[in-house]
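Student: If you're matching them up, the sequences are chains R and L in order.
If you read the first sequence in full-length UniProt numbering, its first letter stands for residue 1, the second for the next number, and so on.
If you read the second sequence in full-length UniProt numbering, its first letter stands for residue 1, the second for the next number, and so on.
To be clear, the hints were calculated from the coordinates, so they are not data collected in a lab.
Possibly wrong hints are sitting among the right ones.
[To be verified] Heads up, simulated SDA-like pairs for lysine to any residue below, C-alpha to C-alpha not over 20 Å straight-line:
{"hint": "1", "chain 1": "R", "residue 1": "K952", "chain 2": "L", "residue 2": "K75"}
{"hint": "2", "chain 1": "L", "residue 1": "K82", "chain 2": "R", "residue 2": "P948"}
{"hint": "3", "chain 1": "R", "residue 1": "K952", "chain 2": "L", "residue 2": "R302"}
{"hint": "4", "chain 1": "L", "residue 1": "K82", "chain 2": "R", "residue 2": "S962"}
{"hint": "5", "chain 1": "L", "residue 1": "K75", "chain 2": "R", "residue 2": "S856"}
{"hint": "6", "chain 1": "L", "residue 1": "K78", "chain 2": "R", "residue 2": "L961"}
{"hint": "7", "chain 1": "L", "residue 1": "K78", "chain 2": "R", "residue 2": "S877"}
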Amino acid sequence: MGKKGQDIEELKKELELDGHKISIEELCKRLGTNPKTGLTKAQARENFDRDGPNALSPGKTTPEWLKFLKNLFGGFSLLLWIGSILCFIAYYIEVSTAEVPLADHLYLGIVLASVVIVTGCFSYYQENKTSRIMESFRNLVPQYALVVREGHRLTIKAEEVAIGDVVECQSGDRIPADVRITEARSFKVDNSSLTGESEPQPRGPEYTNENPLETRNLAFFSTNAVEGAMRGIVINIGDNTVMGRIAVLASGLETGVTPIAKEIDHFIRIITSVAVFLGITLFIIAFILGYHWVDAVVFLIGIIVANVPEGLLATVTVCLTLTAKRMASKNCLVKNLEAVETLGSTSTICCDKTGTLTQNRMTVSHMWFDGSAVKADTTEDQSGVQFDRSSPGWRALVRIAALCSRAEFRPLQQDVPVLKREVIGDASEAAILKCVELCTSQTDAIRWRNRKICEIPFNSTNKFQISIHENEDRIDGRYHLVMKGAPERILDCCSTIYVNGEERPLDNEAKEAFDDVYMELGGLGERVIGFCDFYLPRDKYPRGYIFNPDDINFQLTGLRFVGLMSMIDPPRAAVPDAVAKCRLAGIKVIMVTGDHPITAKAIAKSVGIISEVSETVEDIAARLNIPVSEVNPEFAKAAVIHGNDLRDYTPERLDYVLRHYSEIVFARTSPQQKLIIVEGCQRKGDIVAVTGDGVNDSPALKQADIGVAMGIIGSDVSKEAADMVLLDDNFASIVTGVEEGRLIFDNLKKSIAYTLTSNIPEILPFLMFILFDIPLPLGTVTILCIDLGTDLVPAISLAYEKPESDIMKRKPRSPITDKLVNERLISMAYGQIGFIQASAGFFTYFTIMAENGFLSGYLFGLRRAWDSRAINDLEDSYGQEWTYDARKELEYTCHTAYFISIVVVQWTDLIICKTRRNSLFQQGMGNQPLKFGIFFETFVAAFLSYCPGTDKGLRMYPLKLSWWFPALPFAIFILVYDESRKLIMRRNPGGWVERETYY
Amino acid sequence: MADKKPEEFFVGSGPKPTKWQSVKTFIWNSETSEFMGRTGVNWAKITIFYVIFYTLLAGFFAGMLMIFYQTLDFKIPKWQNKDSLIGTNPGLGFRPMPPEAQVDSTLIQFKHGIKGDWQYWVHSLTEFLEPYETLTSSGQEFTNCDFDKPPQEGKACNFNVELLGDHCTKENNFGYELGKPCVLIKLNKIFGWRPEVYNSSAEVPEDMPADLKSYIKDIETGNKTHMNMVWLSCEGETANDKEKIGTITYTPFRGFPAYYYPYLNVPGYLTPVVALQFGSLQNGQAVNVECKAWANNISRDRQRRLGSVHFEIRMD
């Protein structure tokens, strides 16, 4: 941390710049430059040496070998390494002391080491999809720049641009640094990567806003010039530019550990503690019992191997991968495996408006004509309301809308549905065009019949657009003037209003009606446009009259008002439902947008982020007709917070807001603020998902527990910074992701419960071996066969288990109390089912021993003689005498049988692990992979036992058929026991059984 | 929000407890009277549950074991010979064996003479032969068998320890005092196993030691009934050992008479033994001895100790 950490904190603050406020002369004085001739070469050199190159500095990265080592020694690896080293030591001792050294320990050591190395490589590979955030940022940076130095134009590498340089840009260029514009010719930049505004922004030398991002006289590093040309002075370069700050912030943010990684850590800690505790205890006991220390070492190896579920991490990874695949098929592409589960634990979603919640296209939503407002259809599939299309008012409005427009469909799109066609022109014109085309489907014909004579395009000072057309009614022959623009401007030009086919004077009554509608539509956050027209009288404007758009020679007053159209970027059809599902699932959806508060609030209301019944402080104030300051904030459930207010908030105030309001909309937010909001939620203990598409979102995406980027409109940088990509940009897909994430968490619990259960029958043989001196019932090799062989596929198959109840109707899990592995799971797996399994194993062991001549009682205390190579005539209960080899063969057969009996009891363990509360009969056996798992493990077990050669390699011996059965009663016992437990639990919800055994 | 400070709504969590404090609270939480996260009642409940659970499980286990034991005969092993893992190829055993503390050793080491430390070995042999003597004197259940007189069914053959020779007796301290130690070799008992003896000297395998071959030839020409025998050969394991081992005398026979087999767990069954007496053992040198049993259905494998046994003997 230290300096780097401070820097990051610094970067999270708002951008402070005055380069746009001060005069150009002052700026030049400060930077020692000249707006005409630029820097001198010497100065440029000097500045370059002082500030360094104009490039994004690469983030600090951990060396690859260190990452690899981390994977090699993390988790269970350390324990297994110890086990492996102990094996080598035991082998070494054996080689140096025994005449016929057994290679067993050598093999075991090698196997353990390979398990560690393979798992290590596996997780290294998983982790090594390194984020290429910085690279993706570099792709945004221009290669060359045109600068003026000593009065000459030079093309230099963008890196060499220095502060104070005078640069020139024209359309198509990328801005090489943060530039204060001194001269511009109809210059427009595409700031979308920085601010998310998709429309090109005009830029010029005038200072218009205190906010550097909004003022006109600044152009930013790496944004695109789309129109015109400009000249300006470089005020910031490299990492200090607005884009540079975002890049450094995004790549420098320390991403926290994912919730599932924390859970796995927690669980590894539990298992390791148990292993170390047992290992050390037994080591001491072994010494007290007078074992040789070499024996004690061998016991220790056994304990370690038995305690560590070697295959579990692989199981978890595979389960997560399976879910990731399933999610990918539902349009959630998961980049970071662990993020699969993070989405399931998510308790807050900070959601963008544009594109995610909305369709990301302006659509006409309301029209007002003939004195009444009608709702236009805004649904994606045109399933919405219809209205009367024959009224004269409507026809007049449509005609104006069709004519007074510069927008056109791109050619060759006849087969594409109207709403999906691409349009040349700005967003509102496109919306109007689509609306007209949808209603009349003859826009082109209208335009052709009414040829355009003259046009005044829209500009921001007039706020209207006018065009004059030949009349389609040739007999009439009057020129037709059509006009659209800001409603108040349009109304000012009018003296009559067209209602139900007749012109009426525009009296106060009509004006009031207009005001009401305008306010209402504006209140819905819609962009309202007014339409009017006028048939120019023949006498004043005869045929062939030359209209002059620059020096207006026609009347612009006394026009006829026709109607209004209002448009909005409508919400996606599936979003309200998805938001409702989130609420039901206890997930708070916060809207964070750059839009205006009114629009944001309207969308929030229409998708249910602000529910119908809740009110903001302002709503209450309006309802009670009192000032906002007198409203008790306790009564408001919802809040719409403006970015400018948020800027003054202390962290405590933000915490308060996040805690207190259940429905929050942040409007007009900057990228830094988005980051602050995410951090605020995280401080509260929430697991936060953030959606974003722009470069400016990347810090927030990185900071979030799970960053969700948009696959279609998202920038490369945001996709790199995110953990997940929504391929269809649809908020509803997140809900699917949440569902899958929750399901996999439940199923991982089951999977772990299943895997851990077999630990007890693996550990107990060693305990009995040491404490009661019986011949070893289960060897280390067979333990590995269970952990890495038979248990794997069934454990993975639990990932396919369907949910037991509606998982979207419960609260998100609390990361503090709802652990992946809790004491109840351990109690069930270790304390109860594990012991039943161990009984099955020991029963099988005693059976085989007794059937071969060693009755159970006789085995106790037999170990030393049994394991002594010197004794070639060990007597059994029937007086038979066994050579060392024969009884070892018997012992290994017992190992095999014990192993097989674990497989048998794992059948039913798998079946009971399918559910945590429901009965097997409620859940059914529909899980095909699980059935396959049972057959597979049985097949593997039979293979290991009967395949010729395994007796030499693995010391696994063929069993008599009857030796498969001793474990069966115990398998049934498990089934009956657990079904009864679950029955009691269901009958008695919240009772003792549930509190103690529901994991 | 007027003049109310919003922070006042915020419920503070207070200073975070340190790790040690939280551990202490976990072990004993005085506020809730919880020891390790549970109250006394809670602990009692879970303890009772587990006691009941394990009792139940133990009961089930014991029940299953009892049912299983109903299927067993305590005189006759369920699986025998080929069906059992004991197999059909017996190994050999030797007596005396080193004390239990040196369970992994096969070295018979002693100092001979009056002041020697041979007492353990003599004691061990005496103990081993005790059943033979008690049976000889009690005279129950066994019969005297001979090569032409196999035992009746359900009876065990007597093995007369007096036949073990002059030196290999308790009275002579089994030769240990005199420096001519006796070691007893026996063939492992396998329930129901019958030896298939060589019917003629022509059947003996190539790798049989020459002296045993010629001995068998002598027997064949002499007392042919004595051919009904599992032969025994004992030698030094390496060339060096062979030099040092000196003379070995086998008593009462050079093998195990076949009429003692099969072993059927008849009460009082005595396994036949062969006493090896090392007549001229060199002092102060450990000698590796390997004994092998010879019959048609015995194969010998030094590594797996099949049909053979290994021990070292060192006399000072």
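Student: So which of the earlier hints does this model not fit?
Tutor: 1
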